[in-house]
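Listed here are the chains, written in short residue letters.
There are 2 protein chains.
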Amino acid sequence: MNEADFDSKKEGVVLSGMRPTGELHIGHFEGVLRNWVELQNTHRSFYFVADWHALTTELDTTHLQRHTLDMVKDWLAFGVDPEKSTIFVQSYVPQHAELGLILERLINIGALERMPSFKDQLNHLSTQSTTRDENGQILTGEDAFRRLAKEKVSAGFLNYPVLQSADILLYGATHVPVGEDQLPHIELTRELARIFNRQYGETLVVPEALVGEAKRIRGTDGRKMSKSYKNDINPGMDPAQITSRVKSMVTVRSTLEKKGEPFDCAVYDLQRVFNQEGELRIAQGCRNASIRCYDCKMELPDKISAAYDDYREKRPKIGDDFVKDVLHEGNKRATTVAQRTIERVIEAMKMDYLR
Amino acid sequence: MNEADFDSKKEGVVLSGMRPTGELHIGHFEGVLRNWVELQNTHRSFYFVADWHALTTELDTTHLQRHTLDMVKDWLAFGVDPEKSTIFVQSYVPQHAELGLILERLINIGALERMPSFKDQLNHLSTQSTTRDENGQILTGEDAFRRLAKEKVSAGFLNYPVLQSADILLYGATHVPVGEDQLPHIELTRELARIFNRQYGETLVVPEALVGEAKRIRGTDGRKMSKSYKNDINPGMDPAQITSRVKSMVTVRSTLEKKGEPFDCAVYDLQRVFNQEGELRIAQGCRNASIRCYDCKMELPDKISAAYDDYREKRPKIGDDFVKDVLHEGNKRATTVAQRTIERVIEAMKMDYLR
Numbered sequence: 001m002n003e004a005d006f007d008s009k010k011e012g013v014v015l016s017g018m019r020p021t022g023e024l025h026i027g028h029f030e031g032v033l034r035n036w037v038e039l040q041n042t043h044r045s046f047y048f049v050a051d052w053h054a055l056t057t058e059l060d061t062t063h064l065q066r067h068t069l070d071m072v073k074d075w076l077a078f079g080v081d082p083e084k085s086t087i088f089v090q091s092y093v094p095q096h097a098e099l100g101l102i103l104e105r106l107i108n109i110g111a112l113e114r115m116p117s118f119k120d121q122l123n124h125l126s127t128q129s130t131t132r133d134e135n136g137q138i139l140t141g142e143d144a145f146r147r148l149a150k151e152k153v154s155a156g157f158l159n160y161p162v163l164q165s166a167d168i169l170l171y172g173a174t175h176v177p178v179g180e181d182q183l184p185h186i187e188l189t190r191e192l193a194r195i196f197n198r199q200y201g202e203t204l205v206v207p208e209a210l211v212g213e214a215k216r217i218r219g220t221d222g223r224k225m226s227k228s229y230k231n232d233i234n235p236g237m238d239p240a241q242i243t244s245r246v247k248s249m250v251t252v253r254s255t256l257e258k259k260g261e262p263f264d265c266a267v268y269d270l271q272r273v274f275n276q277e278g279e280l281r282i283a284q285g286c287r288n289a290s291i292r293c294y295d296c297k298m299e300l301p302d303k304i305s306a307a308y309d310d311y312r313e314k315r316p317k318i319g320d321d322f323v324k325d326v327l328h329e330g331n332k333r334a335t336t337v338a339q340r341t342i343e344r345v346i347e348a349m350k351m352d353y354l355r
Numbered sequence: 001m002n003e004a005d006f007d008s009k010k011e012g013v014v015l016s017g018m019r020p021t022g023e024l025h026i027g028h029f030e031g032v033l034r035n036w037v038e039l040q041n042t043h044r045s046f047y048f049v050a051d052w053h054a055l056t057t058e059l060d061t062t063h064l065q066r067h068t069l070d071m072v073k074d075w076l077a078f079g080v081d082p083e084k085s086t087i088f089v090q091s092y093v094p095q096h097a098e099l100g101l102i103l104e105r106l107i108n109i110g111a112l113e114r115m116p117s118f119k120d121q122l123n124h125l126s127t128q129s130t131t132r133d134e135n136g137q138i139l140t141g142e143d144a145f146r147r148l149a150k151e152k153v154s155a156g157f158l159n160y161p162v163l164q165s166a167d168i169l170l171y172g173a174t175h176v177p178v179g180e181d182q183l184p185h186i187e188l189t190r191e192l193a194r195i196f197n198r199q200y201g202e203t204l205v206v207p208e209a210l211v212g213e214a215k216r217i218r219g220t221d222g223r224k225m226s227k228s229y230k231n232d233i234n235p236g237m238d239p240a241q242i243t244s245r246v247k248s249m250v251t252v253r254s255t256l257e258k259k260g261e262p263f264d265c266a267v268y269d270l271q272r273v274f275n276q277e278g279e280l281r282i283a284q285g286c287r288n289a290s291i292r293c294y295d296c297k298m299e300l301p302d303k304i305s306a307a308y309d310d311y312r313e314k315r316p317k318i319g320d321d322f323v324k325d326v327l328h329e330g331n332k333r334a335t336t337v338a339q340r341t342i343e344r345v346i347e348a349m350k351m352d353y354l355r
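Read top to bottom, the protein sequences are chains A and B. Residue numbers are given in the numbering used here: position 40 of the first sequence equals residue 40, and the series is strictly consecutive. Residue numbers are given in the numbering used here: position 235 of the second sequence equals residue 235, and the series is strictly consecutive.
Treat the hints with care, since some could be wrong.
Heads up, the list lumps identical chains together, so a pair's fine if it works in one copy or across two of them.
With a cut-off of at most 25 Å between alpha-carbon atoms, the simulated BS3-like pairs for lysine-lysine come out as follows [claimed, not checked]:
(1) K297 with K227
(2) K297 with K224
(3) K332 with K84
(4) K224 with K303
(5) K324 with K350
(6) K119 with K332
(7) K350 with K258
(8) K332 with K303
(9) K317 with K247
Worth flagging that the hints you see were computed from the coordinates, not collected in a lab.
Please work from the sequences and hints to get the whole structure.
This is how it looks when you write it as structure tokens:
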């Protein structure tokens, strides 16, 4: 199928990426992939492995290939369809770096330092509250922790919202599915597109955020679900493993006689996603203490498992070679689109005099 | 001539670039180009138009093409020889962006903020000494000016030493001709090469700085020579124009009877470069007040002019089309070398699994 025919009847353009950091959990599947599978029917869809983004926080690339191939297998087994979507690897489309470099010139450092993701990272890394500047003066509070953290954060991390903007703008994405926490980044992308268009003439599409209606799924301990916290449930688990993880979940009712508030409980996150017919009954039972937490939990494992029957059947049948073929084809298609944008960008900047 | 034969007998590799910001003055010719013309005989030489660097401080690209072509004409007329050197335009070799993006991940923000060029730029831009942080707290001194300036400096500017490192490492440069002020940048380049090699295995050549013996030429007012200060002398000027500029120069002897110190005088910078046979006599005459400043100056215009006779004869004969041919050929050759390095880099990072 040639690039011109592909997707010719779809109107909007959607772009989304995922870092290849290891096994996906149900939060990824329900929060991101289910959306991708829907959107590919209505939008020209570009889904990519954000490997250059992964490098901003992890330089060890030993498992990068394995993680990439496994993640894309998950996408495919769950229904992301290479006949409907362009599936590719960021580092195989160097135009991302090229547009990123150009956009970096359009934004000041202050704007990037104000990004919540950057501040969060600095907060996360700062453990001491005083330090000294190069003149030996004692610094305290905000300035101290910023300085310390800047010794631990890569320059690529500061620029990652700029590279993300390049990811989006290269494909003329009209819509970018994101969580609330990513909204400031989409605002930056819009701002960069506007600055470029104002400086060099209308060239880049200003995208809209598509804030997911996906329901939140907290980890089994109530924190953000993450493999590294060992509080994750993943679709590859059999019902017994899922049962054991669900049983271990901490609920909010101190005694079973006490009334609960379902929205405060991570178990209820799962009910809302996997047990929609039981959702209201359970909320009521929790609020008036007529259902035991154990019984509430026990409704889940079979339902969670069943939601991935199809996935579990397909997943082992997808081989590395097939994934590589899909990515080869996707990289080629993505490169064609990306290069077309770069050429328009260079032309707008009057830097095409040697072409 | 194919790429393999080109330069096959030279040992070291030299890389150097210049921003296309307008007419070149004698400081560029004597401080940089004379060195290039020498080095191309002994080293594989890569000389490039640093247009992406120019964009870090100037977004207006209206005159970029003109400045680029004119600058390369100057190079060619002065003796930079496309049969001996690879002459190219940075933005036509997107591998610079690609390696820059990878290197950005290997260095922390603190290291870039400590670069003297970055600090100087912040100093230059800061005009106020107090401001407030986002919580309304008053900031003073260092932290205040940093915050203010960060609203005016592009993210690309912070990263420019990283892009410069990519420029160098892409071509396996063994030697980089620089002024003293650029030494911290070469140190950063060496550090980045070492970090990469340690993390992913020996891949990148660690370059050496080649600190120029070029003599300093201050502007006619004693400040740094710059077209924007109108204190420049350039090789396109005829002897009358040069005479007028030299006459206007401020010398350090308050009266002609007072003894002077030649090394404190911008006129003596010119004597050292253009009047080597008179240099010692004049230094003596200045130190014992036996020569008048007027007479000292008047030895210069003919000599300066004569140094560029050959240049002035050749310059008008070089047409845009010839320059474009040179750059086309150079871009092609540079791309071949750069792509080879990128492939080795990607392989070392084990990110070549889809090639």
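Verification of the hints:
1. K297 with K227: within (21 Å within a copy, 76 Å between copies)
2. K297 with K224: Within. Shortest intra-copy distance 19 Å satisfies the 25 Å Cα cut-off; inter-copy 75 Å does not.
3. K332 with K84: within (15 Å within a copy, 37 Å between copies)
4. K224 with K303: within (22 Å within a copy, 75 Å between copies)
5. K324 with K350: between (38 Å within a copy, 15 Å between copies)
6. K119 with K332: neither (36 Å within a copy, 43 Å between copies)
7. K350 with K258: neither (70 Å within a copy, 56 Å between copies)
8. K332 with K303: neither (39 Å within a copy, 60 Å between copies)
9. K317 with K247: Neither way: K317 and K247 sit 31 Å apart in one copy and 85 Å across, limit 25 Å.
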